[in-house]
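J.: Here is how the chains run, residue by residue.
2 protein chains.
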Amino acid sequence: MSCNGNSNHEHPPLPEWNSLNYPELPPMPWFGLDIGGSLAKLVYFEPTDNTESEETEVETLKNIRKYLKNNRSYGDTGHRDVHLQMDSVLIGGRKGSLHFIRFPTSEMALFIELAKSKGMATLASTVCATGGGAYKFEKQFFKELHMRLHKFDELESLIRGIEFMEANSPTECYYLENPKSDTAEKICYDFSDPYPFMVVNIGSGVSILKVTAPGEFTRVSGTRCDCNYLADLGGGTFLGLCCLLTGCASFEEALELASQGDSTKVDKLVKDIYGGGYEKFNLDGNLVAASFGQMISTDRRAKVKREDLARATLVTITNNIASIARMCALNEKISRVVFLGNFLRSNMISQKLLSYGMEYWSKGALRALFLEHEGYFGCVGCLLELITQREDYILQENLKNNLLNGAATVNGTTPPPPTEVSGTPNPPEMRNGSS
Amino acid sequence: MSCNGNSNHEHPPLPEWNSLNYPELPPMPWFGLDIGGSLAKLVYFEPTDNTESEETEVETLKNIRKYLKNNRSYGDTGHRDVHLQMDSVLIGGRKGSLHFIRFPTSEMALFIELAKSKGMATLASTVCATGGGAYKFEKQFFKELHMRLHKFDELESLIRGIEFMEANSPTECYYLENPKSDTAEKICYDFSDPYPFMVVNIGSGVSILKVTAPGEFTRVSGTRCDCNYLADLGGGTFLGLCCLLTGCASFEEALELASQGDSTKVDKLVKDIYGGGYEKFNLDGNLVAASFGQMISTDRRAKVKREDLARATLVTITNNIASIARMCALNEKISRVVFLGNFLRSNMISQKLLSYGMEYWSKGALRALFLEHEGYFGCVGCLLELITQREDYILQENLKNNLLNGAATVNGTTPPPPTEVSGTPNPPEMRNGSS
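Top to bottom, those sequences are chains A and B.
Sequential numbering of the first sequence, starting at 1, is according to UniProt numbering.
Sequential numbering of the second sequence, starting at 1, is according to UniProt numbering.
Just so you know, these hints were derived from the structure itself, not from any lab.
Note: identical chains are not told apart, hence a pair may lie in one copy or across any two.
In silico SDA-like pairs for lysine to any residue, Cα to Cα no more than 25 Å straight-line:
#	residue 1	residue 2
1	Lys271	Arg148
2	Lys143	Gly276
3	Lys186	Asp87
4	Lys180	Glu372
5	Lys305	Thr246
6	Lys139	Asn286
7	Lys139	Lys271
8	Lys303	Glu253
9	Lys265	Thr246
10	Lys265	Arg306
Keep in mind the model is a prediction, meaning the values are calculated, not measured.
Use the sequences and the hints to build the structure in full.
T.: In structure tokens form, the structure reads like this:
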């Protein structure tokens, strides 16, 4: 990736947590979990600044660390994205590495079993979790792993994750130069003064948000009033349709097929309808007039290849998202549109289409931006929430003590006695997404 | 259909053409033609006020009239929508009936052959035509039938057709009451003061227009700048996908399958992702989170029926159109949204979904309206254009003559000598859609 100049990251200062100020950080291991409709995303913080006392950490904790670090895949379907690993990250005053792991949500039972076999149930641990699966699997987590899922709002964790990652990874944000050419190139985008920007999160479905200031966001107007889902056509639709049409077995296979296909064998183009003469209207004959429109012909269906069908499915879903995103952005008068979510993972075809679609149809007024950690922002937001919740709790406890003692300082040197996050009484009610 | 009160049709007065004032109307037969991406739509005006001299009309003309009137289907695929026939209509000062015929655009060669076999080539005739096919098939029409296709802008003819039909058919416009219930009922809508309104034309693809006054319209903001197609996902996508997924052979079969299917076996719903607990967010568990999202599971694919797939395809395409239409309407601050196009033909499932989708998500601010002559407005607009072009031409010729003669009246009593519309010199350049 090329980087144009140095990104001058003048972010609002991150809270200076410090394990000395706040010795009562949650017990290790620290995870953040985002259980989506198709994919569960997990971030694991591995401390690298262990103190002497920590070196004598319980055996189970050591084993978990070793297991996660020494593998790239877990079971048949769990996968660690080693290329996304971030080292020397400061969280809660601790220095360490962030590891990014994903597995299909449908394999949650196996994941829980695996975690159990590694002794997770013996650790009094809490995980902040988001996504619909945080509700669906809450009881199983508690029953099998004695683990509390502290649920955190999906969109709040997403935005928090984006802001943290962008501040900690100077090459996080990029755009594509010459998106239509074979030589399309990733170019670093200086995201240091990003507000306002729009977020288009493409998971199983699609959510669209407007972010106006650090931590401040709204769902864009035009979204379905009470729910996160703007559009039902997202990554889940792509993969579901591709499986039906081509018999493929995975997202990776679907993308591989699509990379070798030709959607113009499937879609009805402007030139198919006009024959000629569309030049008079400044119409590009190669524009899609009706996705899958050629497939009403028996002859065409007989000739079509599964690669073409995969490509057409990918192009259709992507272009539809681009259209909706463009309408929202124009409507909200926002020029920077950040696309993320696991639909974009290793998916340069869609990134190019989105880049071209945003730029071309808006005559250059809109720019599509992408983030390296595609679908992991929600779980990072949860990891941060795990720390903040603890901090909030400590601040409140301090305040209470100080009021009792007649002192007014919040950042006292005598912190309250430790309380297990997962124990009783609970920390203050977790924020949830009932916004 | 129920009609609430009498519709008070105070339309702008229609031009009072009269065969006495304008004896030089185009020669019969009068057709209007709209050749779309999937379907060609034809409207035929049958005069019922024939004068004595017309009773001696050429044999060919009589035969064509008989053939069209005595049949409901033409060849294997042509079809006359008898239930839509309109009688006692005044056009160009002539009284008669409008007949509505459709056939697949892919069968255009057969249609031309049929018209030739009925002697159309011996009639010096002109047809105003719109749709991409007016370009694609122009040469064939001229070569085989000696027929000139005078091309008329697609959107202009659409709006003109809507305004004419609505003024001539008091029960043209309706909405659905209780769209989600089995007892959904068509209710007449008083469209006498309709401006502004939005038109969502669902053919192979989708176009969206804002109509602000009689004959005045703009493409809605957010459309692709230079082209009619807002969204590539329209009726062509539904049928193309349905053919691929179910092996069905026609739109009618696809709808029939869909009527017996269950899309919740195919789509991933909110409750599939959340398990439970979505009530906290005011989320309806039955909302679609990802269309086709269940089809990533091999087990689910093995169990799914083709009826379910047809239903899911129909629901997906319809909901996507509803989302886009809703965003446009909110953006343009328009509350009346008129859905039309052949995608809606005999398609109560989509009409219900659109009605519910518009009303529910806008909290009652938006209303979905429908028109009885679903996909025929473009060809009606063309038929009217055929007459108007002639009138424009006569007005111009009159003006020319009057200027030469020193007279100033336009509506002179001595009309210019007749000129064949299809002859040389041509009438003034037809307006086309290069807007």
